[in-house]
Amino acid sequence: MIKFWNKRIKLGVLTENPEFEDEIKIIRKEIKDHIKKKFAGSLAIRMVDSGSCNACEAECNALSNPYYDLERLGIYFVASPRHADVMLLSGLMTFNMQPHVLDAYEQIPEPKWVITLGDCPVMAAPFEKTFAITAPAEKHLKVTHHIAGCPPSPKEIMKGLLEFLRKI
Amino acid sequence: MRFIARYAKDRGRVFEIATVYDTKVIKEQVHKEKPVIKTLSHEHPTALWFERKMQDDFGIIVEDAFDKRPLVHQEYFDTNLHPMRKDFKEKELKKSKFHPYDYEVIKGEGVFQVSVGPIHAGIIEPGHFHFSQAGEKILHLEVRHFYKYRAIEKMVEGKTLQEAKPIIERISGNESIAYQICLRDIMLQASKQELPQALQKRHAFLLELERVIHHLTDLGFIPNDAGFSAALAFCSKLAEDARRKMKELTGHRFGFGAIDFETKFIDTTSLHEWLDNLQKSVEFFEDWILDIPSLWDRLDTTGVLSLKKAIKYDSVGVVAKASGVKIDRRLNPFYLQHGFEVAYENSGDVAARFKVRIKELKNSLQMMHNFLEEKTTSFKLNSLQDGEFMSYSESSIGELFMAIDIKNGVIERFFVRDPSFMNWQALHLMMSNDIIADFPLINKSCDLSYAGNDL
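Residue numbers (the numbering used here), protein chains in the order written: chain A, 1 to 168; chain B, 1 to 455.
Take these hints with a grain of salt, some might be off.
[As the list claims (entries may be wrong)] Covered stretches of chain A, as calculated for chain B (at least 3 residues, CB under 8 Å):
#, region
1, 22-30
2, 39-53
3, 84-97
4, 129-142
5, 158-167
Note that these hints are calculated values from the structure, not bench results. Ideal Cβ placement from N, Cα and C applies to all residues, glycine included.
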């Protein structure tokens with residue numbers, strides 16, 4: 001353990017990258033301000049995968065790595081829809097998953113919003129319509145905002161969340 | 001004889017059933033009027049899901065099977081529909097009557113059921129786990145999947161391989177390069193061409209980079225599930241670096257569309273340096289993490305899959321290697337020349353799977369040095385011939401098998417077996433001596449794909 005702390009003190013912050021950081025810094029500041037004003041400092045997101053390829057989930061997980069560290073801004077991915085303000089929906093709304101997505105949406109307390117993530121829920125990904133796909137998600141839920149990309153990079157997700165915050 | 005896959009094809013008046021072993025392929029035909037086959041699940045327990053899938057997809061009856069419940073088709077799916085038959089053309093399904101699923105459960109005084117999923121607490125894919133519990137102790141686990149069933153096999157039928165490529169590379173995001181390499185090999189078989197060495201090396205480099213990213217993510221998440229989150233912070237930083245490198249080399253963070261037939265300029269000097277730095281970070285991580293006794297208390301002896309069971313269940317990939325089964329699709333002259341060594345452990349527990357990942361990671365980094373190539377080459381794919389083709393590759397999870405029949409230039413039947421399809425069926429065996437709180441840790445140590453499994 002002592003080795004770890006030695007390294008930590010000797011090397012300092014490893015994830016700084018000036019050109020990249022500048023842009024992120026501005027986004028960060030604005031997200032934080034909006035959340036403070038509109039969500040009393042904490043925005044709780046319930047991520048639901050309705051049949052994606054797992055790339056969107058990997059990018060959402062990447063949001064909590066030391067480069068992006070979304071929790072610093074007051075955005076939390078929560079474990080239950082009952083704790084959530086927003087449902088972040090990825091995937092193609094498969095026939096098998098659709099009833100469960102609607103169940104989860106029911107469980108979110110009002111006021112609630114749905115953000116779709118990636119190209120799948122709007123049928124813009126290369127997947128074609130089959131009998132097992134019930135996307136676009138708009139047919140089943142009221143969608144407030146869409147974050148495009150296949151998959152959207154963590155930076156694009158942050159930008160998308162900011163746009164959503166400006167909208168409401 | 002290792003069992004690999006079993007799948008059916010609609011051949012007009014008959015169904016052809018192909019059973020793939022590591023040494024041979026057996027084909028049998030049954031008449032459509034009376035499609036009855038015998039089960040293989042007594043010798044090879046993992047044949048069960050293949051057979052249940054056939055029953056749903058084609059309506060083939062597995063006469064002596066002990067489990068005839070639907071697999072892919074869930075509660076609202078009309079049981080009379082068999083979508084992989086050629087005459088099935090629906091684009092929209094109506095919800096049928098609700099048929100409850102009959103879970104495998106253990107009953108008795110004080111024994112209770114715990115249902116988990118399909119939507120889980122973290123940011124992960126949907127799947128259902130059904131536990132029979134005696135207090136904290138797990139008596140039995142049934143894994144139930146196919147919530148993500150997108151009917152990929154049907155979707156790509158009637159397309160050329162080039163048209164199907166963007167779909168195939170998005171079947172499972174974490175294994176995209178491996179899927180693309182399987183498809184590349186089928187294209188090469190169909191055009192009767194050999195790939196130039198320079199391209200082969202570029203593709204192998206990208207496959208190892210994908211493995212590096214996936215293993216680094218897991219090396220963070222496994223300790224995190226045991227409550228040691230510092231490892232996640234450290235490894236997710238490294239994984240992000242590697243992902244950005246993937247973007248730099250292929251133009252996409254997951255390498256979608258990366259496996260093509262062009263060589264692109266690679267700055268080998270900076271890449272060698274980057275690999276060296278990553279190697280040092282991994283060595284530091286190993287040194288640090290092996291020294292944390294409270295973590296190894298959780299990892300050691302948890303979720304054991306014995307060698308005997310691993311062989312019986314025809315396990316593949318990291319799960320098999322951690323139990324001492326030395327199988328890997330990279331055991332071929334090309335990889336061996338570039339420094340490949342099979343990483344394996346014998347204890348078969350979470351700790352073993354963790355260590356196999358560290359070993360594979362280090363070996364991959366070494367090989368990547370050897371795969372770097374400055375030479376460029378030009379290659380043009382000839383037109384593709386019709387036929388039946390099969391290919392394999394080793395994804396970060398394990399052995400991936402793909403089979404494509406081409407007829408009149410378009411896909412007649414597409415079949416792919418993700419390594420997860422085999423290993424999910426062995427997951428319940430690992431729970432026999434553990435408590436329910438160990439489940440997330442054991443599940444993460446295998447880190448199987450839901451999307452690749454469900455298709």
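How the hints compare with the structure:
no.	hint	result
1	22-30	violated (count 0)
2	39-53	holds (count 7)
3	84-97	holds (count 6)
4	129-142	holds (count 5)
5	158-167	violated (count 0)
Violated hints, listed in ascending order, are 1 and 5; each of the other numbered hints is respected by the structure.
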